[in-house]
Amino acid sequence: MSKEADKRKIKRGIICAGFLTLLLIPSVSLGFDLNEIDSPLMDLFIILTLLTFIPAILVMFTSFTRIVVVLGFMRQAIGGQQIPPNPVVIGLSLFLTFFVMSPVIDRVQNDAVTPYLDKKINLGEALKKAEPPLREFMLKQTRQKDLKLFLSITKTNKVKSPEDIPFRALVPAFAISELRTAFEIGFMIYLPFLIIDMVVSSVLLSLGMMMLPPVIISLPFKLLLFVLVDGWNLTIGSLVRSFG
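Going by this note's numbering, the sequence shown opens with residue -6, and the numbers climb by one from there.
It is worth saying that the hints were derived from the structure and are not from the lab. Computed from a predicted structure; not experimentally measured. Don't take every hint at face value.
Below are the DSS-like pairs computed for lysine-lysine, each with C-alpha atoms no more than 30 Å apart in a straight line [what the hints assert, rightly or not]:
id, residue 1, residue 2
1, Lys151, Lys141
2, Lys138, Lys148
3, Lys138, Lys112
Make the full structure from the sequences, and use the hints.
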């Protein structure tokens, strides 16, 4: 029984990812109407084919961009170079992304994936039901100025409701909004460590130790400060709450 449940969960996850893929490729032309497809095998073929776009979706259409950029800034600010290493940064970013996106994923699963697996709706109807949760999340994190920029570029003037905003304008607006937010958070992270660097450099200069790299001396003090203020808890907590 547990094996069947595990298989069903895996199937739900694959189909949910496929739905998000179909939603987030605004210019794709399949050459047929998804509402006319009534073959489960054809549905699965389309979903599995479009799963190749998942890396792009993960990077550009979720909270992953903001999280990984902020963690990268934090690593540079501390001066640890490759500490923590890239696999740790990417892995932590992935799990934090799943945590932040879990309400959206749950809504997509309940509204679209489960009815689709129960054969209550077809693929086209499932996609329509999966779209609102993702659109709401992206609009909430997108600045109006950025959205207006891409709406003007695409010459989309008749926007009376959020549902009228095309994904080809929403996606890049969301992406640059996430980058700006990540840069703002990165600036706040850099400030205390920059002060430590300046103090250490001034002390070394006053002692005449100009040949000694300040980074070597400042790194232990940065690590001490980070541990004393419980930096991981503070940074990750603030980062996750920034999506609230």
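Evaluated hints:
1. Lys151 to Lys141: holds, 12 Å
2. Lys138 to Lys148: holds, 15 Å
3. Lys138 to Lys112: Between Lys138 and Lys112 the Cα gap is close to 42 Å, so the pair fails against 30 Å, i.e. violated.
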